[in-house]
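Hey, can you work out the whole structure from these sequences and the hints?
Here's the letter readout for the chains.
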Amino acid sequence: MSDLSVGAPVPVRRRQSFFRRNKLVITPLLFIAPAFAMFSLFVIYPIIQSIALSFTQWQGIGPKTFIGFENYRQLWHDPVFWKALVNNIYWLVLFLLAPVIGLFVALFLNQKVFGIRLVKSLFFFPFVVSQIVVGMIFTWFYDPSFGLIAAIIEPLGWTIPSILADENWATIGVIVAGLWPQTAYCMILYLTGLNSVNPEIVEAARLDGAKGWWLLVHIVLPQLRAATFIAIVVTIIGALRSFDLVAIMTEGGPYNSSNVLAYYMYDNAIFRYRVGYAAAIATVLFMIMNVYIAWFLMRLLKSEKGSH
Amino acid sequence: MFPRPIQDQSLLRQRLYKIALPISLIVWLLPMIAIVATAGRSLSDINYGNYWGVPTEWAFVANFTAVFDSSPILIYLMNSFIITVPAIIGALVLSTLAGAGLALYKFKFRFFIFALFIAGNFVPFQILMMPVRQLTLDLGIYDTYWGVILFQIAFQTGFCTFFMRNFIAELPFELVESARSEGVSEWKILIHVIVPLLRPALAALAVLQFTFIWNDFFWPLILIQSDELRPVTLGLTTLKGQFISSFNLLAAGSLIAALPPVMMFFAMQRHFIAGLTLGASKG
Numbered sequence: 001m002s003d004l005s006v007g008a009p010v011p012v013r014r015r016q017s018f019f020r021r022n023k024l025v026i027t028p029l030l031f032i033a034p035a036f037a038m039f040s041l042f043v044i045y046p047i048i049q050s051i052a053l054s055f056t057q058w059q060g061i062g063p064k065t066f067i068g069f070e071n072y073r074q075l076w077h078d079p080v081f082w083k084a085l086v087n088n089i090y091w092l093v094l095f096l097l098a099p100v101i102g103l104f105v106a107l108f109l110n111q112k113v114f115g116i117r118l119v120k121s122l123f124f125f126p127f128v129v130s131q132i133v134v135g136m137i138f139t140w141f142y143d144p145s146f147g148l149i150a151a152i153i154e155p156l157g158w159t160i161p162s163i164l165a166d167e168n169w170a171t172i173g174v175i176v177a178g179l180w181p182q183t184a185y186c187m188i189l190y191l192t193g194l195n196s197v198n199p200e201i202v203e204a205a206r207l208d209g210a211k212g213w214w215l216l217v218h219i220v221l222p223q224l225r226a227a228t229f230i231a232i233v234v235t236i237i238g239a240l241r242s243f244d245l246v247a248i249m250t251e252g253g254p255y256n257s258s259n260v261l262a263y264y265m266y267d268n269a270i271f272r273y274r275v276g277y278a279a280a281i282a283t284v285l286f287m288i289m290n291v292y293i294a295w296f297l298m299r300l301l302k303s304e305k306g307s308h
Numbered sequence: 001m002f003p004r005p006i007q008d009q010s011l012l013r014q015r016l017y018k019i020a021l022p023i024s025l026i027v028w029l030l031p032m033i034a035i036v037a038t039a040g041r042s043l044s045d046i047n048y049g050n051y052w053g054v055p056t057e058w059a060f061v062a063n064f065t066a067v068f069d070s071s072p073i074l075i076y077l078m079n080s081f082i083i084t085v086p087a088i089i090g091a092l093v094l095s096t097l098a099g100a101g102l103a104l105y106k107f108k109f110r111f112f113i114f115a116l117f118i119a120g121n122f123v124p125f126q127i128l129m130m131p132v133r134q135l136t137l138d139l140g141i142y143d144t145y146w147g148v149i150l151f152q153i154a155f156q157t158g159f160c161t162f163f164m165r166n167f168i169a170e171l172p173f174e175l176v177e178s179a180r181s182e183g184v185s186e187w188k189i190l191i192h193v194i195v196p197l198l199r200p201a202l203a204a205l206a207v208l209q210f211t212f213i214w215n216d217f218f219w220p221l222i223l224i225q226s227d228e229l230r231p232v233t234l235g236l237t238t239l240k241g242q243f244i245s246s247f248n249l250l251a252a253g254s255l256i257a258a259l260p261p262v263m264m265f266f267a268m269q270r271h272f273i274a275g276l277t278l279g280a281s282k283g
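Keeping their order, the protein sequence lines are chains A and B. Counting in UniProt numbering, the final residue of the first sequence is number 308, and the numbers go up one at a time with none missing. Counting in UniProt numbering, the final residue of the second sequence is number 283, and the numbers go up one at a time with none missing.
If you're looking for bench data, these hints aren't it; they were derived computationally from the structure. Hints are not guaranteed to be accurate.
As the list claims (entries may be wrong) - Part of the chain A face toward chain B, derived, beta carbon under 10 angstroms: (1) V43; (2) P46; (3) L216; (4) F243; (5) L301.
Keep in mind that this is a model prediction, so the values were computed, not measured. Note that CB positions come from ideal geometry on N, CA and C, so glycine has one too.
Okay, structure coming up:
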């Protein structure tokens, strides 16, 4: 209280010195504040809202009714939800081919020959193209009457089913389209990783008689660990996020046979006005993805601690 | 080097490799080659069912002109730019600040805040969908460019901050320390010492963000309703309905939509790859 009676200049000087004394704490907070505010408003807060929504019944407008775990109970008994979940598992498993194929493509291209730089860039091409375009291309490819696949194999006397209209094939067809850009992504990660493989260790192992598979598995792959880790993380996240291709290629059909959680959620929220139910699906998807996010963060924390 | 340099191997293997390379490239790019070929096919070929055979004539110019004449694709393209450019600038500014804040200072909860940005970057979009839609409605920016721009800035800031903080943490810290000991303010250190060193990182992020935001389909789908505000990814689905039996035009439209990020990639390849692989070179 006595501070107030001293007069105007003192508090000003005090505030300055307070800022100066604590500038190494205040500055970072000021730097982070705008990003953090935006991120909280558009990402963190909506996540909490969605989880809260999943306990309500809501049509998108009008009153929300709290119904506890009723949405989750219905999900448990919803065959489409289970179908979508199983399809997400298909996505996950088949998508993990992307790091594997990506590694082999990278090994194949990791040579110094004329024009290899251009070849590498062209191999990377699919990743740069929008999934919407990828989806359209593959939809033509698969068409039984005017698709390229039919055009190629019909002269050989085979026929193909209408892949995207066939319950048994639709999901596979969409996943193959997704694998194309994803493999390109993994390939580039491995090509960069191969650049930093220590040639002396490889040479030393060669002198000891190591070659081929053994050399790859025991000498080279351990040095590619960082690339493998990122490739697996982005592939898993990509598999769980799959939406664009499903939306453009099948809309989850036929008879929900190619539905995935992300699309089923969208479908419920936008076309069926079951926003609470959709939020419950999103929450389940979020919880699954949290496993990978936690895995990633734990590894990051470990490497951060290691570097200090 | 692994695998063994092809030059050290038998002549036969070298020849096989040189043959395998273009063949694998053609197989790999078959979808792209097909779409380019279709974009140059004449409508009469399509009508006669000649989808994949030798085209009777090339009609590239006619097809591309037809797409521009008969569809609002020019407006879609412009919308994509109107959304993409400010979103990139916003995300870069916010993440440079936040990345510097996280990399140059030690304070409590530093890792926690950093982790939040990273984790947010991995969340499934769907969990954000309804609340973000509602938020843009409440803010009066639903069905405007701003809704998508602000969301993209906020969301991409997560990834960009991760990238920036890692890049800044690798810079020589002595520069900051010596500036500080000379009494330079923290803000000036950022602008005059740090930012000039960030040029490669900013370039890498800008290129990468361009493809991410340009190619995004989900958020315009959720936040934009009017046809005249649609970016080109969304516009393509409209064209799909409009050109229902004119595959050549649809192919041309798809190529037009894919062109800006592809050109960006070829012009700025090094930066693009740096952006993609920064995470892989660490940890």
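The hints, checked one at a time:
1. V43: Result: holds, 4 angstroms to nearest chain B Cβ.
2. P46: holds, 4 angstroms
3. L216: holds, 7 angstroms
4. F243: holds, 6 angstroms
5. L301: Nearest chain B Cβ about 7 angstroms off; hint holds.
Of the numbered hints listed earlier, not one is contradicted by the structure.
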